Amino acid sequence: MSAGTDLFQGTWAEICWVELRPEERAASLPAATSEKPLIGRVRGTADRPVIGEIATVVTRSGRRVEGTVTAILPGYEHGFGRPLPAWIRMRDAIAVARRGVTAS
Amino acid sequence: MSRYTDIMSRRADILRTATGLDYDAFERGPLAFDYEALLGSTGMGIDEVADIQRSRGVGDTPLIELHALTAWVREHVPSGKGARIMVKDEAANPSGSFKDRRAVMSAYLAHELGYRGVVAATSGNYGAAVASQAAKSGLAAIIVQEAFDSAGHGQPEIIEKARKCEALGAEVLQTTVGPELFAVLLSVLEETGYYNASLYTPMSIQGIETLGHEIADQVMAVTGRQPAAVLATHAGGGMVTGVARGLRAHGARETEVVAVSVDLAGLHMASDADFNRKSFTTGHTGFSIPFTSWPDRVDVPRNAARPLRYIDRFVTVDQGAVFFATEALAQFEGLERGPAGNTSLAAALVVAAEYDRDDVIVVTETEYTGAGKAPWAQLSFADEMGVEVVCGGSAPQKPGERIVLPAGLDQLRLSQVDLDSVRHSYVRAALARRDGDLTDDDIRFLAEDSRATTDDVRRHICALSDTPVPVPEQDSIQTRKQI
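Residue numbers (numbering that gives the first Met the number 0), protein chains in the order written: chain A, 0 to 103; chain B, 0 to 482.
None of these hints come from the bench; they were simulated from the model.
Do not rely on the hints blindly, as some may be mistaken.
Unchecked claim - Pair by pair, the computed Cβ-Cβ distance ranges are:
1) P29/A <-> V76/B: 51 to 57 Å
2) R98/A <-> G250/B: 38 to 44 Å
3) A431/B <-> G74/A: 31 to 37 Å
4) P77/B <-> G78/A: 42 to 48 Å
5) R433/B <-> V49/A: 52 to 58 Å
6) P29/A <-> R433/B: 24 to 30 Å
7) E22/A <-> R27/B: 35 to 41 Å
8) I87/A <-> G19/B: 26 to 32 Å
9) A94/A <-> D21/B: 55 to 61 Å
10) R81/A <-> D311/B: 50 to 56 Å
11) G78/A <-> E387/B: 21 to 27 Å
12) P395/B <-> T67/A: 43 to 49 Å
13) A462/B <-> Y75/A: 50 to 56 Å
Stated by the list, open to error - Beyond 10 Å from chain B on every Cβ pair, some chain A residues (computed):
14) E22
15) G51
16) M89
As the list claims (entries may be wrong) - On the chain B side, residues computed to face chain A include the following (Cβ under 7 Å):
17) F32
18) Q173
19) F181
The structure presented is a predicted model; accordingly, all values stated were derived computationally and were not measured.
Quick reminder that beta carbons are idealized off the backbone N, C-alpha and C, glycines included.
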């Protein structure tokens with residue numbers, strides 16, 4: 000089966016895995032980091048992935064990576080946020096200043 | 000042997016295969032290497048680099064004069080002072096930042112050398128730039144990102160960069176916090192045989208030289224003079240190095256090169272707990288202080304970005320000042336742009352007062368903005384992570400704990416980084432890495448590399464030679480002198 004065929008089969012999913020266990024991590028890390036495993040995460044196409052189960056995905060570059068399925072058809076949830084009162088104060092202070100300035 | 004130490008033990012071989020460059024050929028002694036020969040190893044001049052960039056839609060970006068911001072600054076400065084402020088609109092590049100100038104050269108070289116794909120370790124705009132140029136060259140791209148903490152929270156700006164990489168066809172491999180990202184990069188390079196599109200290769204730095212050259216060219220066309228100063232947001236040192244070299248290539252030897260970073264003193268860059276308590280993912284002191292003090296801490300044997308060679312002045316601004324500059328750029332100039340270049344814009348709004356009215360100072364870059372990158376996204380995320388956000392008042396800024404948004408132009412502050420202190424740290428870091436007795440050639444190299452005299456270097460060595468210490472992190476550098 001060619002990589003090209005692989006790419007168009009299965010379901011788009013996200014997996015994660017333990018890249019390094021805490022005892023395998025680099026020396027001289029802060030405690031907050033060294034006591035945690037280094038986790039890897041990637042998205043790719045898998046054959047009937049089920050959240051929480053092990054699956055092998057084929058990534059966009061054609062690599063095969065095994066891990067635990069964390070999301071099916073994962074998207075992006077980040078946005079523009081919301082204005083904080085302090086930001087509104089700053090915005091309005093700048094707006095007042097702008098009205099007083101004539102660019103030459 | 001753990002997987003980590005196993006892959007790290009093969010580091011030199013993996014990098015040699017993945018860069019197509021034998022760095023050993025440039026070594027001259029325990030510490031010295033031939034920097035100009037390394038930069039010249041591409042065999043290309045600035046015109047050839049510009050041609051390659053132009054053929055791929057990179058560079059030749061507009062230089063925009065910020066008339067209203069300049070007029071505002073002049074209301075606050077003595078008569079006759081207040082330089083004209085201009086900004087290079089690097090957001091006009093294909094993937095929305097100056098990083099396209101670097102990525103285009105990596106993709107060009109990877110293609111020329113016959114690699115089938117490129118890999119880059121970056122949480123910044125460089126990932127999107129590599130993805131974009133790989134797409135244009137028909138190469139596969141894998142971007143390795145430090146993206147989230149152990150609780151699974153992703154920094155919104157980094158998540159946006161992951162989205163953009165994916166939109167441009169790249170595979171995005173994300174990790175939790177830690178410097179072992181480098182081992183993950185090595186592992187992917189070994190598995191795929193792809194090119195290491197490092198930010199720190201000679202090609203990558205040459206790609207930035209066109210930016211400095213264009214700035215000098217465009218300012219000269221408008222004013223008949225070279226810019227008095229160029230302000231560059233400073234992290235890994237590439238921007239400062241490349242821009243300074245490009246200015247010199249144009250003949251702008253008197254132009255002051257000002258490096259500007261966001262002050263994140265107190266936050267540890269390898270800390271899982273601190274990772275999401277900063278509002279800026281690059282252009283900050285967590286990178287710039289260690290990279291300026293010792294550049295060879297990167298994903299290639301020798302870093303072609305050597306900022307101490309080129310920085311005339313090094314200042315920091317706080318996070319609040321950058322949000323202020325971002326909003327002022329929108330309201331005064333109608334330009335909604337991303338955070339990175341606004342670090343140096345914040346500094347420009349202060350240092351313009353030091354220059355005469357007919358001087359020009361240039362902010363080297365803008366970047367694209369949007370979801371995850373916009374001020375609201377950053378500030379509401381900071382709020383969710385427990386960082387206090389206030390406007391004005393007397394409470395001080397404290398990275399990771401409190402962001403103070405200025406309520407007026409007169410509340411913007413700079414801190415001057417003591418370059419002699421950075422040089423001292425540089426020599427200390429060099430001594431910690433020496434392997435054998437230093438030669439006169441090494442001493443000359445250290446002097447060149449830190450823009451010091453050989454006598455200065457010898458004085459530092461005498462003071463430090465019996466006390467080898469670890470490479471300094473940002474907090475050991477004096478930055479508290481308020482301007």
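Could you see if the CB distance from R98/A to G250/B stays within 38 to 44 Å? 42 Å, holds
Checking hints one by one. Is F32/B an interface residue toward chain A, by the C-beta closer than 7 Å rule? 26 Å, violated
Look at the Cβ atoms of P29/A and R433/B and judge whether their distance stays inside 24 to 30 Å. Because 28 Å falls inside the window, the suggested range holds.
State, for the Cβ atoms of E22/A and R27/B, whether the hinted interval 35 to 41 Å holds or is violated. 40 Å, holds
Per the hint of 43 to 49 Å, is the separation of the Cβ atoms of P395/B and T67/A within bounds? 44 Å, holds
Evaluate the given range 42 to 48 Å for the C-beta pair formed by P77/B and G78/A. 44 Å, holds
Do the beta carbons of R81/A and D311/B sit within 50 to 56 Å of each other? 41 Å, violated
Taking 21 to 27 Å as the stated bounds, is the beta-carbon spacing between G78/A and E387/B within them? About 22 Å separates the Cβ atoms of G78/A and E387/B, which means 21 to 27 Å holds.
Interface-negative label, M89/A against chain B, beta-carbon threshold 10 Å: Check fails; 4 Å does not lie beyond 10 Å.
Check on E22/A being off the interface with chain B, judged by Cβ distance over 10 Å: 8 Å, violated
Quick check on a hinted range of 31 to 37 Å for A431/B and G74/A, using CB atoms only. Roughly 46 Å apart at Cβ, these two residues miss the hinted range, so it is violated.
Do the Cβ positions of A462/B and Y75/A conform to the proposed distance bound of 50 to 56 Å? 52 Å, holds
Hint check: violations occur at hints 1, 3, 8, 10, 14, 16, 17, 19; the rest are consistent with the structure.
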